Amino acid sequence: MDVTSLIGMMSIFTAGFTIAVGSIGCALGEGRAVASSMTAIAQQPDESGTISRTLFVGLAMIESTAIYCLVVSMILIFANPFWNQALSR
Amino acid sequence: MDFMNLTDITPDAVILWQMGWIKLNLTIVFTWITMGILLVISWLATRRLRSGKDLSPWQNFLEAVIEITSNQIEDISQQHAGKYLDFIGTLFFFIVVSNLFMVVPGYVPPTGSLATTSALALCVFVAVPGYGIITEGLVQYLKTYSSPTIFMLPFNLVSEFTRTLAMAVRLFGNVMSASKIAAILLAVIPLVFPVLMHLLGLLTGFIQAYIFAVLAMVYITSATRVQYELEKG
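Chains as they are written, first to last, in our numbering: chain A, 1 to 89; chain B, 1 to 233.
What the hints contain is simulated information worked out from the structure, not anything from laboratory work.
Quick caveat, the model's predicted, so the values are computed rather than measured.
Be aware that a few hints might be false.
[Said to hold, decoys possible] A few chain B positions that, by computed beta-carbon distances, are all more than 12 Å from chain A:
no. : residue
1   : LEU55
2   : LEU62
3   : GLY106
4   : TYR131
5   : MET167
6   : PHE193
7   : PHE212
[What the hints assert, rightly or not] So the derived label-pair ranges between C-beta atoms look like this:
no. : chain 1 : residue 1 : chain 2 : residue 2 : range
8   : A       : ARG32     : B       : GLY20     : 51 to 57 Å
9   : B       : PRO105    : A       : ARG32     : 26 to 32 Å
10  : A       : SER23     : B       : LEU165    : 32 to 38 Å
[Stated by the list, open to error] Partner residues aside, some chain B positions facing chain A, computed with beta carbon under 8 Å:
no. : residue
11  : ASN174
12  : SER177
13  : ILE211
Backbone N, C-alpha and C define an ideal beta-carbon position, used for all residues, glycine too.
Required output: the full structure, derived from the provided sequences and hints.
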């Protein structure tokens, strides 16, 4: 196997693996956060404004890990630096 | 997505016009277009300002939006919105306009470029100590870096940088993925389904703008509120 196909294969595999693992953790965390905020809103409907605002901020924090994985896999697929280097050689 | 190929992640790579070392890429052009949209709307709305019941619809709309923004800022910071409204409002409206115009064909959101989002995050990075120093003075602000103990100093300093990076990459990743997914789906399933993804893109675009503004406000609040607590105790 030459170096170009090796780079292509590993890039695609790693991109898929990155987004899979990254989204699993993020989904579990977001699910827990939403579930407990739902419980909190059900117990204290008056505080729903504060709870949902804090929930949004927290979800953004949790979600950013998945976004990092997405950015990495996007770079691997669309803007892989090693791929262009291998092609130009 | 008329200007960008599928393989271009950011609009930075697309150069529209070049003269010597001056390059005009897609990000700059669409930042100007977004600024133009905001300016024209504000100019049209504030051209004939009136008080009383006989308001123009635009003035009514803008007043309501500013009112909501101001209330949100006061809710988060527990302080008067006056001095924060300009900064936070500018961030929010720039991001929200550039994200929501993503559904307009041919419009490339400038927030889908890491350069723009880094610039916005750097504004927050400068504004947080700025507001802290203005509110409480230089010495009091610098003391917060070593709170609760002096051992936390490196962690506080590092968190200052990492949260700036996180803000930039979060906004970039969300907007870039929304526009990219729409483009990819357009190539695979051209009928109906991209419309749904565009709808989802509208939702995430609005939420990301909201989150960026809220996070900026939370960081500024933590830089100004800690000193209040210090003064009391």
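Each hint, compared with the structure:
| no. | hint | verdict |
| --- | --- | --- |
| 1 | LEU55 | 27 Å, holds |
| 2 | LEU62 | 23 Å, holds |
| 3 | GLY106 | 21 Å, holds |
| 4 | TYR131 | 19 Å, holds |
| 5 | MET167 | 9 Å, violated |
| 6 | PHE193 | 20 Å, holds |
| 7 | PHE212 | 9 Å, violated |
| 8 | A:ARG32 <-> B:GLY20: 51 to 57 Å | 55 Å, holds |
| 9 | B:PRO105 <-> A:ARG32: 26 to 32 Å | 39 Å, violated |
| 10 | A:SER23 <-> B:LEU165: 32 to 38 Å | 21 Å, violated |
| 11 | ASN174 | 6 Å, holds |
| 12 | SER177 | 6 Å, holds |
| 13 | ILE211 | 4 Å, holds |
In summary, the structure is inconsistent with hints 5, 7, 9 and 10 from the numbered list given earlier, while agreeing with the others.
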